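Peer 1: Each chain, written out:
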Amino acid sequence: MNLIDVYIHEVTRRLPEKNRDDIALELRSTIEDMLADDFTEQDVKEVLSELGNPAVLASNYSEKPMHLIGPRYFDVYVSLLKMIIPIAAVVALISVMAKYIFNYDENQAILNMGLLILGEGIWVIIEVFIQTFFWLTIVFAFIERVDNTKDHSPLSINGKKWTPDDLKNVAYIPRKKAISSVYVFLGLLWTAIWVTVYFNADQLVGIYHKGENGLQFVMPALNQTVLNSYWPLVIISVGLEVALALYMLLKKQWTKNVAHLNVVKEIVGTISVIVIITNVAIYNHDFLIYMSNLLNFSESTILGFIQRITIILYPIFAIWNCIDGYLKAKIRK
Amino acid sequence: MSNLLDSLSTELRRGTLTLAVLSQLQTKQYGYSLAQLLEDSGITIEQSTLYPLLRRLEKQELVESIWDKTESRPRKYYKLTDFGAEIYEKLKTEWLVNSKQLYELLKGENEDESD
Chain A
1 MNLIDVYIHE VTRRLPEKNR DDIALELRST IEDMLADDFT EQDVKEVLSE
51 LGNPAVLASN YSEKPMHLIG PRYFDVYVSL LKMIIPIAAV VALISVMAKY
101 IFNYDENQAI LNMGLLILGE GIWVIIEVFI QTFFWLTIVF AFIERVDNTK
151 DHSPLSINGK KWTPDDLKNV AYIPRKKAIS SVYVFLGLLW TAIWVTVYFN
201 ADQLVGIYHK GENGLQFVMP ALNQTVLNSY WPLVIISVGL EVALALYMLL
251 KKQWTKNVAH LNVVKEIVGT ISVIVIITNV AIYNHDFLIY MSNLLNFSES
301 TILGFIQRIT IILYPIFAIW NCIDGYLKAK IRK
Chain B
1 MSNLLDSLST ELRRGTLTLA VLSQLQTKQY GYSLAQLLED SGITIEQSTL
51 YPLLRRLEKQ ELVESIWDKT ESRPRKYYKL TDFGAEIYEK LKTEWLVNSK
101 QLYELLKGEN EDESD
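Top to bottom, those sequences are chains A and B.
FYI, in the UniProt record's numbering the residues of the first sequence are 1 to 333.
FYI, in the UniProt record's numbering the residues of the second sequence are 1 to 115.
This is chain A alone, in the form it adopts within the complex (with noise of 0.2 Å):
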């Protein structure tokens, strides 16, 4: 095989049909200028080694970048990216979410479930992240390539050229009044958790022996059927839930109207929680008296009790919540 034919081979198949046998008749002529007129191998492979790889002078001549997305496109390219990614795979989790809770099967492992949406939700994360990630480097790639204006001056984030009045338009956020996106994260994750928690008490919530395969559930402390009769307050606290949380991922800070929002959620959470914990009617009764023995109280003690730390400690973290969003809010700088 004859080494130039090669080389000519490698340089014109890397560019346009059109200029292929121009170039190759004008590389092999500078080939053979460049060479002694008795000439061997090595003086051959020196030749070649000036002139250099192949793919570098081909993309010389080509004009067409080697790279995928160049300095003009980069940083809205990134921009985008972080701004597509944490809202996507929150509308992602939250679908997985719901629909593990409106499939919800009587008969499944019930502990199981919590784990599946933990373990999907990662996954789809991971899904997400990838997917978006390879469609909006595809998209700018093509731009960068179709993109034929001589400029080179990077782009903002509107798509043109930067001037001082786009600072007009940066949310300027200070760390303390921020809302970061794991926080949000964290709060949906709750979310699951303590919904799942709820509809499975009967089978997570009670008293526990070690057994011989671990842990074994005795007895539940609480009676399902009745905290299911609950539904509908359940179901107006998740929604302010995930409400507030996607209104954070939007706002990305603690405004008046979030911090308005978190003292919604946070009235609804705590009247929800007190109607239902001084229902009577949700403990087990033999969860009470086994405590009773256990503790040498009498059942009304312990009952009382399990009733006056809720109603005390669940409303003081709530205020104390709210008065937090609205400290965080009024932060200017």
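Simulated from the structure, these hints should not be mistaken for laboratory data.
Being a predicted model, the structure only gives us computed values, none of them experimental.
Worth double-checking, as some hints may not be accurate.
[Stated by the list, open to error] If you want a taste of the chain B side facing chain A, the calculated C-beta under 7 Å gives, among others:
#1 T27
#2 G31
#3 Q47
[Stated by the list, open to error] Here are the simulated lysine-lysine pairs, DSSO-like style, with alpha carbons at most 30 Å apart:
#4 A/K64 / B/K100
#5 A/K168 / A/K45
#6 B/K79 / A/K18
#7 B/K92 / A/K18
#8 A/K45 / B/K69
#9 B/K107 / A/K64
#10 B/K90 / A/K161
#11 A/K64 / B/K59
#12 B/K79 / A/K64
From the three backbone atoms N, C-alpha and C, an ideal C-beta is built for every residue, glycine too.
Fit chain B to the supplied structure of chain A, relying on the hints for placement.
Peer 2: Below, chain B without anything else, positioned relative to chain A:
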């Protein structure tokens, strides 16, 4: 450090290559003869840069090319167009002004040091 120096001086030279090539195309040249001319004047230019550059200049209508296939080895000759000659003159003036300014700047620095 020598790496950095290399890349900086390559960068410094890059902008002048077009001017150097245009200057030698007032008479017609083929690729290799042009490379030789530039090399003899001490201008370093990668071959893989020079030949594509010639085509780019042709596309920008600064130079025109003609194939001479009468001799044993076909050769593609390049020559400045009228438009190319005009641009070359302007670019040359620009360069002379710039280099004079830079020279003054560098000379001034030397004097400062000797103070």
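Peer 1: Please go over all the hints and tell whether each is borne out by the structure.
Peer 2: These are the hints, each one checked on the structure:
1. Violation of the interface hint for B/T27 is found here, the shortest Cβ-Cβ separation to chain A being roughly 17 Å, above the 7 Å cut-off.
2. Restraint check, B/G31 versus chain A: the minimum CB separation of about 5 Å is within 7 Å; hint holds.
3. Taking 7 Å as the C-beta contact cut-off toward chain A, the hint placing B/Q47 at the interface holds, the least distance being around 5 Å.
4. Restraint check: the Cα-Cα separation between A/K64 and B/K100 comes to about 36 Å, which exceeds 30 Å; the hinted pair is violated.
5. Of the supplied pair hints, the one linking A/K168 and A/K45 is violated, its CA atoms being roughly 59 Å apart against a limit of 30 Å.
6. The hinted pair formed by B/K79 and A/K18 meets the criterion: a straight-line CA distance of about 22 Å does not exceed 30 Å.
7. Taking the CA atoms of B/K92 and A/K18, the gap is near 34 Å; set against the 30 Å cutoff, the hint is violated.
8. Restraint check for A/K45 and B/K69: satisfied, since their Cα atoms lie roughly 27 Å apart, inside the 30 Å limit.
9. The straight-line distance between the Cα atoms of B/K107 and A/K64 is roughly 41 Å, outside the 30 Å bound, and the hint therefore fails.
10. Between B/K90 and A/K161 the alpha-carbon distance is near 29 Å, which keeps this suggested pair within the 30 Å criterion.
11. With a C-alpha separation of about 15 Å, the suggested pairing of A/K64 with B/K59 holds against the 30 Å cut-off.
12. A hinted pair counts as satisfied when its Cα atoms are at most 30 Å apart, and B/K79 with A/K64 qualifies at roughly 26 Å.
When the structure is compared with the earlier hints, violations turn up for hints 1, 4, 5, 7 and 9 and for no others.
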